[in-house]
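A.B. asks: Spelled out from the first residue to the last, the chains are:
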Amino acid sequence: MPKRTDIKSILLIGSGPIVIGQACEFDYSGTQAIKALKADGYKVILVNSNPATIMTDPEFADRTYIEPITADFVEEIIRIERPDAVLPTMGGQTALNTALELEERGVFKKYGCELIGAKVDAIKTAEDRELFRTAMDEIGLESARSMIATSLGDAERAAKELGYPLVLRPSRTLGGTGGGIVYKADELHRKVSIALAASPNHEVLIEESLLGWKEMELEVMRDLKDNVVIVCGIENLDPMGVHTGDSITVAPIQTLTDKEYQLLRDAAIKVIRRIGVDTGGSNVQFAVNPKDGRIIVIEMNPRVSRSSALASKATGFPIAKIAAKLAVGYTLDEIPNDITKETPACFEPSIDYVVVKIPRFNFEKFPMADPSLGTQMKSVGEVLSFGATFKEALQKAISSMEMDTYGFDRAKLTKSMGKRELLDACGVAAPHRLWLVGEAFRAGFSVRDLFSSSKIDPWFLGEIEEIIQAEEALKGRKIADLPADELRELKSMGFSDRRLAALTGCTELMVRTRRKQLGVLPSFRKVDTCAAEFVANTPYLYSSYSGMSEAPPTARKKVIILGAGPNRIGQGIEFDYCCVHASMALKDDGFETIMVNCNPETVSTDYDTSDRLYFEPLTVESVMAIVEREQPFGVIVQFGGQTPLRISAELAALGVPVIGTSVESIDIAEDRERFSALVARLKLQQPPYATARSTEEALAAARKIGFPLMIRPSFVLGGRAMRVVYTEEEVLGYMQEGVEVSHDRPVLLDRFLDGAIEVDVDAVSDGKQVMIAGVMEHIEPAGIHSGDSSCCLPPQTLSAEVIDELKRQARLLASELSVVGLMNIQFAVANGKDAYILEVNPRASRTVPFVSKATGMPWAKVASRLMAGKSLGEVGAKEIEPRGYVSVKASVFPFSKFPGVDTVLGPEMKSTGEVMGLHANFGGAFAKSQFASNISLPTEGAVFLSIKEDDKRRLEPIARKLSKLGFSLIATKGTAQHLRDQGFEVEVVKKVREGSPHIVDRLGEGEVALVLNTPEGWSMPVMDSKSIRLVANELRIPTYTTIAAADAVAHALEMVKDRTFLEVRALQDYY
Amino acid sequence: MSPDKRHTGAQEARGEVGYLALADGKVFKGRCFGALRGASNPVEGEAVFNTSMYGYQEILTDPSYAGQIMCFTYPHIGNVGCNEEDVESSRIFTEGLVVRAAHKAPSNFRATMSLSQYLANSGVMGLEGVDTREIVSYLRDNGSQMAAMAGGEDVKPDQLVARARSLGSMEGKDYVKAVACKEIYTWDAPSWTLAAGHSRKLSQEQLVSRPHVVAIDCGIKTNILRLLVDVGFRVTVVPAGTTSAEILALRPDGLFLSNGPGDPATLGYVVKPVKELLGKVPMFGICLGHQILGQALGGSTYKLKFGHRGGNHPVRDETTGKVEITVQNHGFAVRKEGLSKEAFVSHLNLNDMTVEGLESRAHRAFSVQYHPEASPGPHDSRYLFERFFRLVTGTGDQAAKGEGRR
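Same order as they appear, the protein sequences are chains A and B.
Each residue of the first sequence is one higher than the one before, counting from 1 in the working numbering.
Each residue of the second sequence is one higher than the one before, counting from 10001 in the working numbering.
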């Protein structure tokens, strides 16, 4: 049936900030959905608090609300916009939960709007463990035996009934937050308490363990005529027990016969029909017993998901786009297949390759976190890779990860192990298990041994064993001795040139040269949904050493855009946003745009974002093969974060036409000595610094610069291993903690400007003229990583003179560095006037999307057109000074996933995502940013204050606001004394080390609504107050650890109290 | 499983170089597995491809593939080995197999041997390490054609091409005689379940009161027989070529026309009794059976460029508007034109709008070009067996009304 005409306008709910378990896959799906709905003539209204998304670009939806995704705000948007329908299935769990809450409040009824995509009953049945289980019983499908617990008593009864180990699954949480496995009785209370606290409805499912079973997943779509298709089956390499988001997964399913696969298919179809998702996509997860094929339904998501993004990329079938069309009444047979153009979307893709997804973790950021994997998702990103065979796909995926591993090398193995220990280690799911398995084969273990240890299916183990056997067979051989056939065979197993170089004792370049001499070159193949049965029109390509190539290059003028690879802390969706913008702008300018990326969650890897998509690792080897094939006019390296930058020098040396700011300028900016010479020449200021190549040098340098100082390794991403130190002992400690120091990789020491205000300035230049895109004042002081700190635009405390001076310096630096494209400068402003340059990045920074949204000027598009040769005048860019509103960017942290990790901020970046708050004043914008980050600011209750000495001078106005708003104040002795001296009524509470009843006890009692705790120093003293923050984190009490943030939150609370912060406004009305 | 007696002498291959040669001169090189078939005993058949990702054992043992060399589009074949259960007939009928990667160490709880052993036991040759996507693209662009395949030291690609060229065309070839049963037999087993496998059998007492279907065997897949039993029939299988009088003597309540290999236009001896029985006995045909019914209803068949073989083709039931994901295996199709006025096209392939089903309510007969018995493939179309049961027993309209969810 054709699309519905009774609906004219649709509100799409996004997924908000990037958090673990909910990443940019929802930007990909939401963007697809908006495009599809608009193409069908619907008015689309969007709410999403994440400014780094493509979907929140003002030209996508008709009305774009960058507002918190909470029931209050969404209701307000509905009240103003009066949409006919609300589509909640594109924004992950956040959108579904919000829709459920709105339904409970009667908002849909009140404003006469209809929920499309999934009805409330369907959402409830899928989300509520008990209802789901009953539904499965009704259709004759087995569930794991389980019991619901809402208390510790319930949990004890469940343990008695089901026996250990037990799986905990809190209701309605993202990525399994708060879940886990209880192996023995003494862990029960602690783990169940965490699980109960994580669940919004204080409910946890306790389940029999299916550890070691196979885990499989089917992506299902259904239309209003009850047509159902399975888009893709996915098999987890890691057996049951590891969250699918943290598992290595493979498509299609490899280890089932057709009879068994069809049982899953039948079951998945029964599930979607019974749950009642009548339009759109869902995924159904199963456990399959490897011994007898018994099937258990684990769960279903009545919405698009991370897996559906993966399935879309893996098959070329755009699940979200089609789901959106189904939601407005189309049926599957009415929608054409975009890739073939000839055949309908109502079919099941057949693929003639293998895809492998490997998650990317960031445990090095959270040294206290438990790195073993379980039912709670802990990965922050993922890569996907295509190969003609599993081996090829697997090894390409490893190369894609950017973890300095290019195959089954030993880089991931941090310590040497005995044989027995090695085998046991393979039995523990952990980020580096794959490499341990390889090492175990090397040590002589068999597939059978490893199966009994790891429960990884023998088929996968056998494949890995063959890779290791091929490596062993290369022992003692030289690359020059390998004949073409053997080299081709190795390449078709996915061996990277780097790995072959390591195995044969030569350089990557030597391998590549030899390969080319012998004519061993990759072929490029289409992802076409149909295994070549029909001619595909869409050049969605991957490389393989397999035979014929397809999609020959065109004769057009081309630009290749190198993407950002897997998301990780420090490099997220912001860079994908820039890459996508470059592609859009250059397409408009008549270039053929070619995207290279390996991140399946992104918009950049959607097959219709660019003219061509190469789903490939961002390594020199892969990029060179594409460049040699396509012969582009230019290659853009400055939009994909560190990923393309770290190979840019090598690419340029190989003759690749890098466009935009030269690799030479990038080097000047990144090389400390060259850069500081520049700064000196321009008569600008930098904090004193030194470079040390040994512990002795570090100590000497520290004495020269003076304390406090910031110490870090020279190669950093997201502030990894950065620390502020106050004493020589701390310097010594840092150097001895295993920071890798060598002549090539020195350690850097900078004078730390305590208490200075940090400022980010983004600028663009065409090589002649420079424009300032935005000046952002950080809320947290210098010393907090700029990626973690909140910031506001325009600045709130800087004087006009200071702002002008910063702009002058930015222009000067951009000119001196001959920047063509984007540049970001971080300043520290000390004493309210002295500007120090902390860092210059002649490339897109993570603030670009925020600045673009705050100013209404698409700076990434502007920059890409400059790089391709246009001038600022030609592209019509202009500097914008936003008036009448303030934009606040706040960071979002994964602490709830890592119980036991301190929430205090520092020079090491820890945030996974960001939100934006827009409001007429700073307090309102900051309040919105907090609600958008899932922090519910209170309107009453007690505020606990524990403020370090230096900060006390700024405490008085904060306390004044709090008590005026009716909050009672609780403080530790010193802080209380200070406040009493100022005339406040304060209750004193003991510090933890002062004995019970202390502050942590009080937190547990539930009356403390807000914690303002600024810890002394950056290292040891912090530990004292850590338990406060840990408990506050577990109990979800809003906690602020800097005085600046405390001040901001006090402003925000005023706006929350009088509810004016609830005013919403579409982006289209701002500029 | 009984081996194909023609080639049981072949030795097991050990990765020897082998070639697939097409009649037009295109040659693909690979390594041999399964049985080694040398220059003197090459594999001969029509080169075709199948896009199913699962179910290679069912496909290998489907008699409809007699006379064909199968190229799988999915690169990994043999992952789950082979077993005693996943067979659609008594032996492998596919002449030869071409894959990207054949797996020697299967992983599945039901596996009893590797694919290579399985092929070797039946004298069937496999070729691996071939760029199967290239073969598929080639066949898609140039059409299916005859091919020869052999491996070992003395094999010369040119000679294989000549051999392939000498094979003529699939058009005009009757493979039914070679694959159909020679004697009448009855069938008493329902379909496979995970718990019971194929161990279930129905007793005579259970069967005796059931409506009786006579199935004309042109190369029938056993899952069709199993599903006929599942929906409530007693089943007797007769060889292709059985006359209408012989069939009527069995007192059938319904007639089933089976799938099978080769060119349907050569099967006048099967079409004739069907034509004679039209209107007398309710009928249901699958695949070749559909092409036979089409001819009996006055229509004709033609060869498709490269056929439909896979498990993902969308077919719309024109009587209900619903789409089912179907299993396809046919190189020929029925023309829309020329059918008697009682007949109408009941199902259409949404990929290329070819005829996928016929129905003549006046004759109480219907057929589908695709494979509702699946095995391998999706189970969406099993409702057709129920439709047939209702047609035979007169319980309700033959259209969708009252049909269980598919």
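To be clear, the hints were calculated from the coordinates, so they are not data collected in a lab.
A quick note: this is a predicted structure, and the numbers were derived from the prediction, not measured.
Check each hint, because a few of them may be wrong.
Listed below are the simulated DSBU-like cross-link pairs for lysine-lysine, each with C-alpha atoms no more than 35 Å apart in a straight line [to be verified]: (1) A/Lys475 x B/Lys10029; (2) A/Lys225 x B/Lys10322; (3) B/Lys10341 x A/Lys225; (4) A/Lys270 x B/Lys10029; (5) B/Lys10322 x A/Lys270; (6) B/Lys10336 x A/Lys3; (7) A/Lys225 x B/Lys10303; (8) B/Lys10322 x A/Lys43; (9) A/Lys475 x B/Lys10341; (10) B/Lys10341 x A/Lys516; (11) B/Lys10322 x A/Lys38; (12) B/Lys10029 x A/Lys341; (13) B/Lys10322 x A/Lys119.
A.B. asks: Check each numbered hint against the structure and report the violated ones by number, ascending.
C.D. replies: When the structure is compared with the hints, numbers 4, 9, 10 turn out to be violated.
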